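Protein chains: 2
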Amino acid sequence: MNNFQYCTPTRILFGKDVVDKLPEVMRPLGKRVLMTYGSGSIKRSGLYDKVMSLMKGFEVYELPDIEPNPKYTQSVVPGVKMCKEHKIDVILAVGGGSVLDCSKAIAAGACYDGEPWDLITYKVRTQAALPIVDIMTMAATGSEYDCGGVISRSETNDKVGYIDPHLFPVCSLLDPQLTFSIPPKHTRAGIADAMNHIMEQFFTEPYSLLNDGMCIAGLKSLMYNAPKVMANPEDYDARAEIFYTCTLACNNIFSNGNGRSGWPMHGMEHALSAYYDITHGEGLAILTPRWMKHILNEKTVGRFVTYGTELFGIDSNLDPMVIAEQAIQKTYDFFKELGLPMTLHEVGIDESRLGEMAHHVAQNEGLDKAWAPLSEKDILDIFKACL
Amino acid sequence: MNNFQYCTPTRILFGKDVVDKLPEVMRPLGKRVLMTYGSGSIKRSGLYDKVMSLMKGFEVYELPDIEPNPKYTQSVVPGVKMCKEHKIDVILAVGGGSVLDCSKAIAAGACYDGEPWDLITYKVRTQAALPIVDIMTMAATGSEYDCGGVISRSETNDKVGYIDPHLFPVCSLLDPQLTFSIPPKHTRAGIADAMNHIMEQFFTEPYSLLNDGMCIAGLKSLMYNAPKVMANPEDYDARAEIFYTCTLACNNIFSNGNGRSGWPMHGMEHALSAYYDITHGEGLAILTPRWMKHILNEKTVGRFVTYGTELFGIDSNLDPMVIAEQAIQKTYDFFKELGLPMTLHEVGIDESRLGEMAHHVAQNEGLDKAWAPLSEKDILDIFKACL
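Just so you know, the sequences run in chain order Y and C. Under this note's numbering, think of the first position of the first sequence as 98, with each following residue one higher. Under this note's numbering, think of the first position of the second sequence as 98, with each following residue one higher.
In case anyone wonders, no lab produced these hints; they're calculated from the structure. Given the structure is predicted, the values throughout are model-derived calculations rather than measurements. Keep in mind that a hint or two might mislead.
Which copy? The list can't say, so a pair holds if one copy fits it or any two copies do.
In the DSSO-like style, the derived pairs of lysine-lysine whose C-alpha atoms are separated by at most 27 Å in a straight line are [unchecked claim]:
| # | residue 1 | residue 2 |
| --- | --- | --- |
| 1 | Lys113 | Lys466 |
| 2 | Lys140 | Lys168 |
| 3 | Lys168 | Lys178 |
| 4 | Lys153 | Lys178 |
| 5 | Lys325 | Lys396 |
| 6 | Lys427 | Lys317 |
| 7 | Lys128 | Lys181 |
| 8 | Lys396 | Lys317 |
Take these sequences, add in the hints, and give me the full structure.
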């Protein structure tokens, strides 16, 4: 087991109607609030009105229209400006992972005199951030229980992960009922995203029996409940379990002490959604089985054997390579049957820019140092296999 | 899934030589330190000297000789007095769960003007506590990552759990190498304690696939590594995995959203060790299979089926009651083979006070409201089955 540090100070309030606790959560944090949200689904669902009525007595400023794959110039910069102008005390993020990721970058930018991009790219170390409270309406990224976010800058095709301990939300209010209305496309993509978060932690060495068991438990929970919520979007227990698993899936609690994996699928997907603005979870679902197939070899096969026998119950007496190939096929089949697009063509990506993207990933994501190292050629081959 | 709140703000530094980070951990917390420790094994091992040399520049006061099953009158009261007299800023607990539990009660008592027992018994709500840093030398209780402690008061045969969010350690420094020298008796007892913590979270309803998987992962990790450390006490990876599993096993991360179990085995064991001062983990090992056998019925059998098939790989096609009975037998066998005492006689307890203890438990532990409710007669029957 490797040495590790771990600290997740975020308070989780999870369950039916926890949003009612918003005023008591917000009160100690200040009076001047920047409320961030996305395209307006919270207005259609009635959540916006509910939050506004709970926030009576606070001074609420609004930053709406935060995009999926949130943008630096369009959302982070204006948000930082608003915080400074209105002397904001606390950010209230209401929406999915994109809204919260964007709010994290705003929270840090608001406490920094220079260009926020310096912080996001680690040119300058983050020294402080405004407190953040979130009400999540999507089960996917786990941003509600980690200290990271992903910010895109369209001008340069950058999509970068920004991680800093100052970015943990103070409190995450998670009501599974708010996820009933997620459209099927995003329910699926969220599940694929969280599954991939777990795989990125699992496929590495060293590992432990405890971490392996927790990873498999998380994957089983998502895979068992996924068809249930597709069939009945208001299945509370299934939505709840998916939501909570997503919450834990991205903050290292499943992999403390494991070796560094390098998060290769995320590294590659960031290029896909930076260049083509596709849905992150769909990009991951497409990449996952192709990445697996590409890196499978004598050195990596052991992890696939554990994955295949423990998750899918594949007979452990089979040849390890056979177990691995069956496990990869079953992974593909699961995503496919869930209704996810499984080729780049389906999400509007053709071969024209694959080389450019592979070059960008090779330059920026450090995947040559991943558990299963990837050269630019490897990355391009994986992209091509996804067409 | 039930609604829940969860927040564990403790920072974990885990791995080889993390104790070297002590000065940087302590510096922001203050200069005047109360160092608490036990019988002196830290002096024999050299850890005391190491800590003292790291603490140069701090003003260190010492509270040694904290007992196993730490005592209110003998340790908590004098510790609180020292904190007040010397205006202590921060407590540094060096030792096992008893030292840390005791330090938590001292930390709260130091910030309260009345009798600390008021806080421990919830007569008065805890409003504040001194910050605590710990260096754990035992893998067992998980006190390093929870906000509870157990304090005994011999005069009244009380042994009470004291839980409050102010009691989370600020930072826990956990070096598996420090557990190499734990004697076999306490290595076994620590493993039994942590296994029981997980079982107390597992045997209840409702439950989730995620929590079940995490509980089983924790149990597998402990059971797989237990014989390894018994055979080779300096097996770093086995010690590390046991230590980390113990750390997670008592803070609800394995059971958020599960129903309340009532922690029945702990409720009963507290009487055994309050009346006879036995080793907590040994008491739990003795009680576990007898409690299981006693509560097994048509209503509870489902949990035993999951436990038996997932943990021991018992054939799921067998009759549920057969699976349950096999699982209980295997639990007994595991403890027995590990070398734990499996009868009350072996730990010096005879029938003379069983009735008195059962009455005490029935009066004080609320086990009539446990998942599998226990009357005073049930408790007495379980005690008798342990003889």
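Evaluation of the provided hints:
| no. | hint | result |
| --- | --- | --- |
| 1 | Lys113 x Lys466 | between (43 Å within a copy, 24 Å between copies) |
| 2 | Lys140 x Lys168 | within (22 Å within a copy, 57 Å between copies) |
| 3 | Lys168 x Lys178 | within (15 Å within a copy, 57 Å between copies) |
| 4 | Lys153 x Lys178 | within (24 Å within a copy, 46 Å between copies) |
| 5 | Lys325 x Lys396 | between (37 Å within a copy, 26 Å between copies) |
| 6 | Lys427 x Lys317 | both (13 Å within a copy, 26 Å between copies) |
| 7 | Lys128 x Lys181 | within (15 Å within a copy, 37 Å between copies) |
| 8 | Lys396 x Lys317 | both (25 Å within a copy, 25 Å between copies) |
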